[in-house]
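As you go down the protein sequences, you meet chains P and E in turn.
Sequential numbering of the first sequence, starting at 1, is according to full-length UniProt numbering.
Sequential numbering of the second sequence, starting at 1, is according to full-length UniProt numbering.
I should point out that these hints are in silico values taken from the structure, not numbers from a laboratory.
We treat Cβ as the ideally placed atom computed from N, Cα and C, and that holds for glycine.
One should not assume that every hint holds.
Unchecked claim - Covered by chain P, per the in silico footprint, the following chain E stretches (three or more residues, Cβ under 8 Å):
# : stretch
1 : 152-160
2 : 183-195
3 : 206-213
Stated by the list, open to error - Facing chain E, from chain P, some residues (calculated, C-beta under 10 Å):
# : residue
4 : GLY120
5 : ASN123
6 : PRO124
7 : ILE206
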Amino acid sequence: MSVNVNESTNRPTNDASEMLVEIRDAVKYFPIKQGVVVKREIGRVHAVEGVSLSVRRGETLGLVGETGCGKSTLARCVTRLHSLTSGQILFEGQDITDLSRSRVRPYRRRMQMIFQDPYGSLNPRRRVGSIIGDPFAIHGEGDRDERKPKVQELMELVGLNPEHYNRFPAEFSGGQRQRIGVARALALKPSLIVADEPVSALDVSIQAQIINLLDDLQQEFGLTYLFISHDLSVVRHVSDRIAVMYLGQVVELADSEELHNRPRHPYTNALLSAASVADPDQAAARQRIVLTGDVPSPVAPPTGCRFHPRCPKAQAICVQEQPPLVARAGDPDTHLTACHFPVEPGEDLTRVTATIPEEERAE
Amino acid sequence: MSLLEVSDLRVSFRTADGEVQAVRGVSFDLEPGRTLGIVGESGSGKSVCTQTLLGLTTGAKVTGSARFEGEDLLTMTEDELCSVRGARIAAIFQDPLSSLHPLYRVGWQIVEMIQAHEPVSRAVARRRAIDLLGSVGIPHPAQRIDDYPHQFSGGMRQRALIAMALALEPKLVIADEPTTALDATVQAQILDLLLRLQQEHGMALIMITHDLGVIAGLADEVMVMYAGRAAERADRRGLYYRAHHPYTNGLLESIPASSGAGARLRPIPGQPPSLIRLPSGCAFHPRCAFAMDRCRTEQPELAVVEESPRHTSACWLPPDLLGTNEQVKEDRRAASAAGRGGVVEEGAA
């Protein structure tokens, strides 16, 4: 999105100094417990399973996927709101996975979150000025009098009227509340902002305002975004690179335009074809790849490739063997796909049928 | 004769802060078997408008008329309305979990609905319910009919609600944001299902949404609402390609894919107005880039900007400004042909 990003994409990808965040083989399980006195673990939700991703300095990495694919859990693991079951999180080259609460604090101020719900993420009984000033208070920066001008500066930066310092969240509309959330995230001048569905709850005209605001702020402060959304068109608009998640795993990772022009994973193809288009002729001409069934439960994910029960191209090997996330034949090094039979350009997925028997798919 | 003729519908609610004017004079009609899309943002009155038709806005002050097959829905008694609701007009709401009773089995709820309107035995109603669940694509309907709503996924619940809405072969189905709570791939399934069922049963459909993308492939006609009034109404192609009202154009340009990746979006500045203290004249004028003196004092009515197909717009701009953003749309089409098509469309071509 900003100029330095384009430069950085040309450099070798394993240069550690330009990686702001590195996620290595992250696994997060949530136990399901039963019992009154003695809680026994009766199962596990496999929320994130073996994800390795890195976020470069100054870029926007989009994370797309449907409900329950683990995208929010992964983001919360990055900011240490959840701790990982196994794996590593590196922030600016430093392993922060197992740091204690007090040791992780200096890192926390450099990574901030913006949440989806502008109603739930602001305390309704506190004044806006004190909500935005919270990060200063938590990290012990300045006293109350010193904070006020800083907070008002932030309010102006995100397009709020600084005179509304003493108002309550209820006096603001949804879009303005999201601006409050953005101001709070910016307070400590972080290097990473994790935005979890920041515009999903907003009306389309307001959504565009917030997207433009995030864009401006990135250019001005050289921010790095981890941008999570279920809406492909929004993610495409803001992201330099996009990771598509399905049932706790990354199934495809590529530069934003590359992903849209040449999606290789059948799931990415289906997602793209399902996205709504505000254009009647295009909508009529388009052939949707309609996936059968629903996303399986992450408590007992399918064997092999997790997408195989719904995949139009699934074959016997997909049931047994999990495909690695690697660059496939004919793709640039930056385009990784986890699929045994990646979609070839020109292939029509609406006319393909899987060659595994129905009983085996249901597994 | 039109199936539904709504004229000058006004709905307001009394609150502690003043009178909320949710709908301020909306008129539209709908022919049998057609699909009308109503688009608007939060607070535009799109849901209140249709809920009023079904008598669901208790405590509201309602004026105007809404003639359905010749009878005025707004003057009906509660008993008369009960015989219309469900049987001749069915509704599908946004949140499928709160539309189904969590303590009753899905099948029981469909059977109850059939028996409430028709003198059939429980066994007959149950057989019909199983057929319906099968026709909306629920696998193994004979077993799943005895499930509770929590045993269904979001997409299946919405399918069950559609089955329930179709149970009595209504003439009109009102779908209020039926896919908003669903994921993209499931949304595509549900929209395809609605379209197929509408063609099979020949019912009329009112589809309410905030997402212009949802109805682009679905609606015959589209009505855009802003602050309780209709801003523009046209056939589908007219509205998307030759929009007249600056609000409609603003909505179209706010959609991320419309300006190509990385390009700057052109949002509508400002916030939607308070429905208690509305701006004078045209309610959109404080946010409009084309506002003139007249817009601040006089409220525009829906006027014809193009005869055939009929295209009306409530805006003082001259009619020949139709499709002011034609260049924008050209760019958009070029960008999407280059960007979005990818494998899927090459395959389809």
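Verdict on chain P covering the stretch 183-195 of chain E, where coverage means 3 or more residues with a C-beta closer than 8 Å: Coverage by chain P holds here, the residue count being 8 at a Cβ distance below 8 Å.
Coverage criterion applied to the stretch 152-160 of chain E (partner chain P; beta-carbon cut 8 Å; 3 residues): holds (count 4)
Minimum beta-carbon distance criterion (10 Å), ILE206 (chain P) to chain E: 7 Å, holds
Restraint satisfaction for ASN123 (chain P) [CB to CB of chain E, less than 10 Å]: 22 Å, violated
Interface hint for PRO124 (chain P), Cβ within 10 Å of any Cβ on chain E: 17 Å, violated
Given coverage of the stretch 206-213 of chain E by chain P, tested with a Cβ cutoff of 8 Å and a minimum of 3 residues: Our answer is that it holds, as 4 residues pass the Cβ test (under 8 Å) against chain P, meeting three.
Supplied contact hint for GLY120 (chain P), tested at 10 Å Cβ to chain E: 17 Å, violated
When held up to the earlier numbered hints, the structure conflicts with 4, 5, 6 and fits the remainder.
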